[in-house]
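Visitor: Here's the letter readout for the chains.
Protein chains: 2
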Amino acid sequence: MSDYPGRIRIKEEGPREGFQYEKAPIATHHKVELINALSRVGVTAMQIVSFVNPKAVPGMADAEEVVRLIDVNPDVSYRALWFNEKGLRRAMATQRLDIKGSLALSASDRFLKANLNRTAPEQHAVLRGMIANYKSMGIVLDRGTIMASFGCNYEGDVAPGRVAAEVRTMLALAAEQDVRLESISLADTMGWATPRSIKRVIDAVRSVAPDAQLELHLHDTRGMAIANAAAGLELGIDRFDASVGGMGGCPFAANDGAAGNICTEDLVFLCDELGIETGIDVEALIECARLAERIIGHALPGSVKTGGTLRRLRAAVAQASTA
Amino acid sequence: MSDYPGRIRIKEEGPREGFQYEKAPIATHHKVELINALSRVGVTAMQIVSFVNPKAVPGMADAEEVVRLIDVNPDVSYRALWFNEKGLRRAMATQRLDIKGSLALSASDRFLKANLNRTAPEQHAVLRGMIANYKSMGIVLDRGTIMASFGCNYEGDVAPGRVAAEVRTMLALAAEQDVRLESISLADTMGWATPRSIKRVIDAVRSVAPDAQLELHLHDTRGMAIANAAAGLELGIDRFDASVGGMGGCPFAANDGAAGNICTEDLVFLCDELGIETGIDVEALIECARLAERIIGHALPGSVKTGGTLRRLRAAVAQASTA
Numbered sequence: 001m002s003d004y005p006g007r008i009r010i011k012e013e014g015p016r017e018g019f020q021y022e023k024a025p026i027a028t029h030h031k032v033e034l035i036n037a038l039s040r041v042g043v044t045a046m047q048i049v050s051f052v053n054p055k056a057v058p059g060m061a062d063a064e065e066v067v068r069l070i071d072v073n074p075d076v077s078y079r080a081l082w083f084n085e086k087g088l089r090r091a092m093a094t095q096r097l098d099i100k101g102s103l104a105l106s107a108s109d110r111f112l113k114a115n116l117n118r119t120a121p122e123q124h125a126v127l128r129g130m131i132a133n134y135k136s137m138g139i140v141l142d143r144g145t146i147m148a149s150f151g152c153n154y155e156g157d158v159a160p161g162r163v164a165a166e167v168r169t170m171l172a173l174a175a176e177q178d179v180r181l182e183s184i185s186l187a188d189t190m191g192w193a194t195p196r197s198i199k200r201v202i203d204a205v206r207s208v209a210p211d212a213q214l215e216l217h218l219h220d221t222r223g224m225a226i227a228n229a230a231a232g233l234e235l236g237i238d239r240f241d242a243s244v245g246g247m248g249g250c251p252f253a254a255n256d257g258a259a260g261n262i263c264t265e266d267l268v269f270l271c272d273e274l275g276i277e278t279g280i281d282v283e284a285l286i287e288c289a290r291l292a293e294r295i296i297g298h299a300l301p302g303s304v305k306t307g308g309t310l311r312r313l314r315a316a317v318a319q320a321s322t323a
Numbered sequence: 001m002s003d004y005p006g007r008i009r010i011k012e013e014g015p016r017e018g019f020q021y022e023k024a025p026i027a028t029h030h031k032v033e034l035i036n037a038l039s040r041v042g043v044t045a046m047q048i049v050s051f052v053n054p055k056a057v058p059g060m061a062d063a064e065e066v067v068r069l070i071d072v073n074p075d076v077s078y079r080a081l082w083f084n085e086k087g088l089r090r091a092m093a094t095q096r097l098d099i100k101g102s103l104a105l106s107a108s109d110r111f112l113k114a115n116l117n118r119t120a121p122e123q124h125a126v127l128r129g130m131i132a133n134y135k136s137m138g139i140v141l142d143r144g145t146i147m148a149s150f151g152c153n154y155e156g157d158v159a160p161g162r163v164a165a166e167v168r169t170m171l172a173l174a175a176e177q178d179v180r181l182e183s184i185s186l187a188d189t190m191g192w193a194t195p196r197s198i199k200r201v202i203d204a205v206r207s208v209a210p211d212a213q214l215e216l217h218l219h220d221t222r223g224m225a226i227a228n229a230a231a232g233l234e235l236g237i238d239r240f241d242a243s244v245g246g247m248g249g250c251p252f253a254a255n256d257g258a259a260g261n262i263c264t265e266d267l268v269f270l271c272d273e274l275g276i277e278t279g280i281d282v283e284a285l286i287e288c289a290r291l292a293e294r295i296i297g298h299a300l301p302g303s304v305k306t307g308g309t310l311r312r313l314r315a316a317v318a319q320a321s322t323a
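Quick mapping for you: the protein sequence lines, in order, are chains A and B.
For the first sequence, my numbering assigns the number 1 to the initial residue and increments by one for each residue that follows.
For the second sequence, my numbering assigns the number 1 to the initial residue and increments by one for each residue that follows.
Among the hints, a few may not be true.
Identical chains share a label here; the pair holds if one copy fits it or two copies do between them.
[To be verified] Only pairs whose alpha carbons sit at most 25 Å apart, straight line, appear in this in silico DMTMM-like list of lysine to aspartate or glutamate:
no.: 1; residue 1: K86; residue 2: E122
no.: 2; residue 1: K113; residue 2: D178
no.: 3; residue 1: K113; residue 2: D98
no.: 4; residue 1: K199; residue 2: D272
no.: 5; residue 1: K135; residue 2: E182
no.: 6; residue 1: K86; residue 2: D75
no.: 7; residue 1: K100; residue 2: D75
no.: 8; residue 1: K55; residue 2: E277
no.: 9; residue 1: K199; residue 2: E65
no.: 10; residue 1: K135; residue 2: D203
no.: 11; residue 1: K113; residue 2: D281
no.: 12; residue 1: K113; residue 2: D203
no.: 13; residue 1: K23; residue 2: D203
no.: 14; residue 1: K135; residue 2: D3
no.: 15; residue 1: K23; residue 2: E65
no.: 16; residue 1: K135; residue 2: E293
no.: 17; residue 1: K55; residue 2: D272
no.: 18; residue 1: K199; residue 2: E85
no.: 19; residue 1: K135; residue 2: D109
no.: 20; residue 1: K55; residue 2: D109
no.: 21; residue 1: K23; residue 2: D272
no.: 22; residue 1: K199; residue 2: D3
Rather than coming from a laboratory, the hints here were simulated on the basis of the structure.
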């Protein structure tokens, strides 16, 4: 019936993606408060800040300060985002982050143009330079992302074979310089995926790269993220990005309604119910989602924080039965 | 990979369930406006009012007036809810409704007690009387519902075999009086289902009642409804209840966070993307969801009305390609 993994690894993206997306400024101490709270619930990897041009993204101007002020939990891999060597140098200078490089290709040429203003050959050249740079700096390359793996607002439907070809290109670009990427992330950047396209794309990618460790990065723009994650879990996918409360969005996706990543606590709830370990305490994570709502001053889309978990209800039933 | 149906039938429950759930009174003409709007988008079956005690449910005191004022579309089956013969007589007196009876059992004895204050044998006796009554009145019995088919806030997890046993009991009670129920609805009354329990329960029910036409009634309390619907579609389930915008909730479910039925337009969107016909125009339905939001004065949880459909994006891409 399904090939559920025994355990999945979730990378929490709420603090970076969520706070970056908010229009109102978020106080540094509030960012730190949420990151610290998330560090205590079983999250093992978390993207916490972007090192980007503070003029372009003023909300991330305090990135160094945030990193300096967090209480580092040695069991958590604190990650950051950067787009150039200047950003990377800033991240390294903090000496508190887990510095790993990542690469990105797009299954849509038009999205690549709109998002990074490059053609595919130009992007390949950029990646070759990045790989060489990372290698020369002794930095591990962690993952390759295939953006727009399930469809594109600029290009429409994306053929699974195209995604598989991008994965091959990604692996080949890395192999040229004797680099083996730890994982390949299939990103539903603009929320086009359905359970069917999840299966078709994963099948196509596995047919050309059977040994690649795959991840899913699922935006919930059309409410399909949890169904798409369930489809991925059934295929044994065991790595997901997620965002506490469903914080965030993609400002580049040419769509005002673009939603954030799949809600972390809803994904953890699903896994709990399917007997899949996440290492995360869902009740404590729900408290983090509520904290995030208080900090940003508006409701977040996640469901389990409102509906409640079943663990609590089962405990109440058990107590009533013995009373 | 899956056994998607070619076409599904959705019964819209927003006007009844949604308006009944709202705390503030809804003007009769607003109810009529939404029902009329839904009648024009391809919805073929819709539960529009309850005939219940107006002292207990003041928001449904105008049920007759609502039914009298709607513009009847002959392609739509307008349905109502009632709990006793008095309610049924009121529904019949309107002469504008599609009068069909339904029966309910519960896969949780404690929910039956909490919801209807009856034991299972008492409920069986009540159903025997109801069947006899419907038969004597010449009213077709339409469906049997198994409440709490996927779990219960009062009783905890529900074994799939228990649901299958209730289905057998339901069919046997009908057969005693030579009645054949058109369908059996498996209701996730309190939002406990996951894609795995959907599969387990459907498999168990099909093993004892392979010929029964199954329906799913899915509450979205924990954000799993769309994943559960996707799991049902993969098993060939072709009848669903749904609620425009995700209106509604279950006030009897001992949980403040109880959410409404699966959002109709999100389900239609999923079906559109999977190539499953619903007969419903999703763009027009989204306008109905927005109308519902204006009427009730607050946002509804559906996602596609915010994220937008892909049909529009595909059309824009096609236009840009030819320009």
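Visitor: Which hint numbers does the structure go against, in order from smallest to largest?
Guide: Failing hints, ascending: 2, 3, 6, 8, 9, 10, 11, 12, 13, 14, 16, 17, 18, 19, 20, 21.
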